[in-house]
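Student: Chain residues, written in single-letter form:
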Amino acid sequence: VTDIAWIDAALTSARPRAVGALLRYFRDLDTAEEAFQDACLRALQNWPQNGPPRDPAAWLIFVGRNIAIDGVRRRGKQEALPAEEVISDLNDAEAELAERLDGADYRDDILRLLFICCHPDLPATQQIAVALRIVSGLSVKQIARAFLVSESAMEQRITRAKSCIAAAEVPFETPGAVDRAERLAAVAAMIYLIFNEGYSANGDPAGIRAPLCDEAIRLARLLLRLFQGEPEIMGLTALVLLQHARAPARFDANGSIVLLEDQDRSLWNREMIAEGLALVDKGMRHKRPGPYQVQAAIAALHARAARPEDTDWAQIDLLYAALERLQSSPVVTLNRAVAVAKVQGPEAALAMIAPLAPRLSGYFHFFGVKGWLLLQLGRAGEARIAFDQAIALANTAAEAAHIRIHLDRLSKDSAPGGDVEAGRR
Amino acid sequence: MLYAILCYNSEDVVGSWSKQEDDAVMAKLAVVQQKLAKEGRLGPVARLLPTTAATTLRKGHESLVIDGPFAETKEQLLGFYVVDCETLDAAIETARELALANPGPGAYEIRPIRIFRPGPGIGAT
Chain G
1273 VTDIAWIDAA LTSARPRAVG ALLRYFRDLD TAEEAFQDAC LRALQNWPQN
1323 GPPRDPAAWL IFVGRNIAID GVRRRGKQEA LPAEEVISDL NDAEAELAER
1373 LDGADYRDDI LRLLFICCHP DLPATQQIAV ALRIVSGLSV KQIARAFLVS
1423 ESAMEQRITR AKSCIAAAEV PFETPGAVDR AERLAAVAAM IYLIFNEGYS
1473 ANGDPAGIRA PLCDEAIRLA RLLLRLFQGE PEIMGLTALV LLQHARAPAR
1523 FDANGSIVLL EDQDRSLWNR EMIAEGLALV DKGMRHKRPG PYQVQAAIAA
1573 LHARAARPED TDWAQIDLLY AALERLQSSP VVTLNRAVAV AKVQGPEAAL
1623 AMIAPLAPRL SGYFHFFGVK GWLLLQLGRA GEARIAFDQA IALANTAAEA
1673 AHIRIHLDRL SKDSAPGGDV EAGRR
Chain R
986 MLYAILCYNS EDVVGSWSKQ EDDAVMAKLA VVQQKLAKEG RLGPVARLLP
1036 TTAATTLRKG HESLVIDGPF AETKEQLLGF YVVDCETLDA AIETARELAL
1086 ANPGPGAYEI RPIRIFRPGP GIGAT
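Chains G and R supply the protein sequences, listed in that same order. According to this note's numbering, the first sequence holds residues 1273 to 1697 in order. According to this note's numbering, the second sequence holds residues 986 to 1110 in order.
Derived by calculation from the structure, the hints in this document are not laboratory data. Incorrect hints may have been included.
As a list, the in silico EDC-like pairs of lysine to aspartate or glutamate whose alpha-carbon atoms are at most 16 Å apart [stated by the list, open to error]:
1. R:1044 / R:1069
2. G:1434 / G:1305
3. R:1044 / R:1024
4. R:1004 / G:1300
5. R:1044 / R:1008
6. G:1434 / G:1302
7. G:1614 / G:1589
8. G:1614 / G:1654
9. G:1434 / G:1486
10. R:1004 / G:1393
11. G:1559 / R:1052
12. G:1559 / R:1057
13. R:1004 / G:1280
14. G:1614 / G:1582
15. G:1434 / G:1300
What follows is a list of derived Cβ distance ranges for each label pair [to be verified]:
16. G:1525 / R:1107: 38 to 46 Å
17. G:1313 / R:1006: 41 to 49 Å
18. R:1050 / G:1443: 47 to 55 Å
19. R:1074 / G:1313: 32 to 40 Å
20. G:1559 / R:1104: 36 to 44 Å
21. R:1081 / G:1322: 26 to 34 Å
22. R:1003 / G:1582: 27 to 35 Å
23. R:1109 / G:1669: 31 to 39 Å
24. R:1051 / G:1480: 53 to 61 Å
25. R:1050 / G:1423: 46 to 54 Å
26. G:1439 / R:1048: 25 to 33 Å
27. R:986 / G:1423: 57 to 65 Å
28. R:1104 / G:1582: 30 to 38 Å
Residues of chain G clear of chain R, computed beta-carbon distances all greater than 12 Å [unchecked claim]:
29. 1392
30. 1509
31. 1541
32. 1542
33. 1543
34. 1579
35. 1594
36. 1601
37. 1619
38. 1681
It should be emphasised that the depicted structure is a prediction, and the values quoted were computed from it without experimental measurement. Note that the Cβ used here is the ideal one computed from N, Cα and C, for glycine as well.
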């Protein structure tokens, strides 16, 4: 007897491969998904009695394909279904099928399935939603919950995204090396988006959005298993693992943000860190650095530091400099300024972020960092102005509350001196 | 007689367990482990990280480092080491030393360990 929890996990993990292969057969996403659903129902009837098949994905592909073909025939001729024993007796058929479908086929099937979700006409949030639905198999309800929207709104969003995908030309031919690399990059970006959607959920102590991070980790590992030798996919997987490892320490009991240097490092997930560090090491051997690897290397330096004061800020500064070369953006420079402040002092960091002002005038963290630097230089009045600007731009209550702590502290410190702005909160 | 018991399962399936499910399985296994430990029959126990974290050193005339686990079916598992290494490069170097001592065909899969319990040791009660 196979227990239901095992079957459930087997169906979930077989899903990308099975739906990917069924999509290749039927060249239609709805048919492929329906065939997979039907095969899952059959599995739930069949596996508890007969035991699980050796290769669940191959079983589901085979059964799903037969059911869907039968469906087409039945609609055409009103023919009776073959007897249950005929389609359920899969002992030999399964072995034969597993032979025919080799690993290379699966690899491109899964990549294609992920890739069609990255349609450039779809906004990022829709790409993520549709990938979670199609590839991960999360229910619309689960996805709606993670995005904090109503189920009907999410249903609409996914339906719209799917029709956009259906209307698009799905690339069914086996991709060449260049196409494959492009698809891989698009898919990696989407997986990182899924992760960020869950990770940047500030003030989410209940962990409502944490499943997005778990799912992103699962997809990254899946992608890495398909492309074992790709250093950037190692970097991506390492990055999401190392960042998610800190999740238990990122918020306090009230849901307020706890900064990296104030986090209780004993809460960090050591197993995820170990896996992340191993992958950073693996990627580095290839000597083909990319943005994910560099960001993962930065996260690795934080993970390796037993105490905040053990952090190798000089190395972090160098890595951000490398990231600026690979992927120049004002936000990267802003992050680098934090490392520069630690290595060279706040003056140098302030000079570094000054030219970013026009481009980051609407960015919460810019004013947060600016205020933090001014504070260290003892320029309290200017710091207060920067913090006020940050609060005005805060995206969440947790962000605003975090800055307010600085402001409160400032007010307390300056109150006896009768600072002109001391009364302000 | 000492026996090694090697654990095989679908990585995909185990990887899709929730933390609660994983914890529940580990708790049940811990009961068995504790019983063995009490009887002085438990040596080290290890849970490995996923195969995606593995690197393989293929022995031969010139050794070759490959990303991923050992995937051949022509050769069989004949032994294993647990070594403490600062970096992956150090672990690969260690495997190279072993390869030099025992040249010829074969391979070493280098897989980081997720959980390691040295155990009370055989004969300890």
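Student: Just want to verify: residue 1392 of chain G was marked as not at the interface with chain R; is every Cβ pair farther apart than 12 Å?
Tutor: 29 Å, holds
Student: Is the straight-line distance between the alpha-carbon of residue 1044 of chain R and that of residue 1069 of chain R 16 Å or less?
Tutor: 21 Å, violated
Student: Keeping to a limit of 16 Å between CA atoms, is the pair of residue 1434 of chain G and residue 1305 of chain G held or broken?
Tutor: 12 Å, holds
Student: Quick one, are residue 1434 of chain G and residue 1486 of chain G close enough, alpha carbons at most 16 Å?
Tutor: 24 Å, violated
Student: Decide if the proposed pair is consistent with the structure: residue 1614 of chain G and residue 1654 of chain G, CA atoms, cutoff 16 Å inclusive.
Tutor: At roughly 20 Å apart (the allowed maximum being 16 Å), residue 1654 of chain G and residue 1614 of chain G break the hint.
Student: Quick check: does the Cβ-Cβ distance between residue 986 of chain R and residue 1423 of chain G fall within 57 to 65 Å?
Tutor: 59 Å, holds
Student: Assess, step by step, whether the Cα of residue 1434 of chain G is no farther than 16 Å from the Cα of residue 1302 of chain G, and give holds or violated.
Tutor: Distance of about 9 Å is within 16 Å: holds.
Student: Verify that the Cβ of residue 1619 of chain G lies farther than 12 Å from every Cβ atom of chain R, and report whether the claim holds or is violated.
Tutor: 36 Å, holds
Student: Tell me if the beta carbons of residue 1559 of chain G and residue 1104 of chain R are separated by a distance inside 36 to 44 Å.
Tutor: Once the Cβ atoms are compared, 39 Å apart, the range 36 to 44 Å for residue 1104 of chain R and residue 1559 of chain G holds.
Student: Is the Cβ of residue 1579 of chain G farther than 12 Å from every Cβ of chain R?
Tutor: 19 Å, holds
Student: Mind checking the hinted window 25 to 33 Å against the Cβ distance between residue 1439 of chain G and residue 1048 of chain R?
Tutor: 52 Å, violated
Student: So does residue 1525 of chain G sit 38 to 46 Å from residue 1107 of chain R, Cβ to Cβ?
Tutor: 45 Å, holds
Comparing the model with each numbered hint stated earlier shows that hints 1, 3, 4, 5, 8, 9, 10, 12, 17, 18, 19, 21, 23, 24, 26, 30, 31, 32, 33 do not hold.
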